[in-house]
Amino acid sequence: MATSDVKLLGAWPSPYVNRVQIVLKLKSVDYEYMEQSFPGKSELLLKSNPVYKKIPVLIHGDKPICESLIIVQYIDEVWNKNGPSLLPSDPYDCAMARFWAAYIDDKWFPIMGELRKAQEEEAKATLIKQAAEGLVLLEEAFLKCSKGKDYFGGESIGYLDIALGSFLGWIKAGEIMSGVKLLDETKTPGLVQWAQRFCSNDVVKDVLPEPEKLIEVLKMIQARLKAAATST
Amino acid sequence: MATSVVKLLGAQSSPYVNRVQIALNLKSIDYEFINENLAAKSDLLLKSNPIYKKVPVLIHADKPICESLFIVEYIDEVWTNSPSILPSDPYDRATARFWAAYIDIKWFPLFGELRQVKGEEAKAAVVEKIVEGLVLLEEAFVKCSKGEVYFGGESIGYVDIILGSYLGWVKAGEIMASVKLLDETKTPGLVGWAERVLLNDAAKDVVPEPQVLIEVLNKFMMASAKASSN
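Protein sequences, first through last, are from chains S and H. Taking the working numbering, the leading residue of the first sequence gets 1, the next gets one more, and so forth. Taking the working numbering, the leading residue of the second sequence gets 1001, the next gets one more, and so forth.
Please keep in mind that the hints were generated in silico from the structure rather than gathered at the bench. By construction, the Cβ of each residue, glycine as well, lies at the ideal position given by its N, Cα and C atoms.
Label-pair restraints from in silico Cβ distances: (1) S1178(H) with G190(S): 50 to 60 Å; (2) K1143(H) with G190(S): 38 to 48 Å; (3) K1143(H) with L46(S): 11 to 21 Å; (4) E140(S) with K1146(H): 41 to 51 Å; (5) N1081(H) with K181(S): 47 to 57 Å; (6) G1119(H) with G190(S): 51 to 61 Å; (7) G148(S) with N1081(H): 26 to 36 Å; (8) E1128(H) with D202(S): 43 to 53 Å; (9) A1194(H) with K213(S): 47 to 57 Å; (10) A1039(H) with V51(S): 32 to 42 Å.
Derived lysine to aspartate or glutamate pairs resembling DMTMM-like cross-links, with alpha carbons at most 25 Å apart: (11) K53(S) with D1104(H); (12) K1063(H) with D90(S); (13) K144(S) with E1077(H); (14) K1204(H) with E1184(H); (15) K1063(H) with D106(S); (16) K54(S) with D1092(H); (17) K53(S) with E1139(H); (18) K144(S) with D1062(H); (19) K47(S) with D1092(H); (20) K1129(H) with E43(S); (21) K1106(H) with E43(S); (22) K1053(H) with D93(S); (23) K1053(H) with E139(S); (24) K147(S) with D1062(H); (25) K1047(H) with D93(S); (26) K147(S) with E1077(H); (27) K1047(H) with D105(S); (28) K1143(H) with D5(S); (29) K1063(H) with D105(S); (30) K1047(H) with D90(S); (31) K63(S) with E1148(H); (32) K27(S) with D150(S); (33) K53(S) with E1132(H); (34) K47(S) with D1089(H); (35) K7(S) with D1089(H); (36) K1027(H) with E77(S); (37) K63(S) with E1154(H); (38) K1041(H) with D106(S); (39) K25(S) with D1089(H); (40) K1053(H) with D106(S).
Sequences and hints are given; from them, build the entire structure.
What follows is the structure in structure tokens.
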């Protein structure tokens, strides 16, 4: 199938979209990027992802693939000759990578969402503690998976680097807005260095948005939600 | 590596455990089933799954693998004897993973809601959502099976295992709520599939009868009520 008929429906602030952009770049896949304007949903998006109506959606030769981690695995499998595999070849390491990516998506990153909504100081403090504890677990995972190398994937960026790394813009935005350091070199030195390395990687640096821009987006969304709530 | 000792920490009433049992049976893998009392979890379970402290955990060559979907993929990747659990085509694999995630994250949690909801109107609303989900899964079945008898085609595959492992609880839900969820007028393909899948060699004797599950649920609810009134 020609790589020119690859389309990505996305939105630049979405870390889930960023994951797919990073992987397409890693695998040198040409594609057409179609920015979806928030909050509207295009006909193509609704047709391609009728179940969730969400981005990212990868459309490859008219076939839509949804859910960012599923898209990442799909790209890895189709363009398996372009560069190193994103998932480890060893089945146990592969299961570990999937486990931690799911932990990040289902357990850890939702804490950031709660933190943003939390009003009281006590609630905020509890959430920050939970986020920090999660990062300590991820630090241990990093040490085990990297086996002394630069990335969770070893010498090159892999599945788990992409799963966690895609959130780094939002993590920094969260640190700025809450005035709290989440990635702390005294607690998670490995992750701090990994984060710097990941963000400055050629493939990543033009994809992950600046935290300041994400803060602007967040303020705009919050303003809109407030306006909608007060006008009803 | 494939010949190392395989242990499965589980509880028979858990559909997540059942799916691993079906996968192991499908691949003709010998394993030791270690029954866990979920009210008093073993040291081995707590050590093997410190993050979630849940079953199932597959222990293979002393290494623990957690989360049922990943355990099933792991089994498929280590034991490459046929049949394959995941399809070989990348698009079909993505489709299988998509529906497995939909079933686990969006669809089956509706059964928890059904159990807790109060009032006929609210109950009807949840039943409607469950049936809408089944209609989506009927379309998925038609597409994935490509005219064959399973989501996986001629032999049971990933989505068959993931959805099939819930069938005991689906039937229990129908009995407890006095409602038909798998309805031949709305989802004829799935009704036929449901009858077929649990008769498959790998799946039969794995998924418990609905009455057994209803008893398990009643015991659990009584124990919870007792604990919260202390």
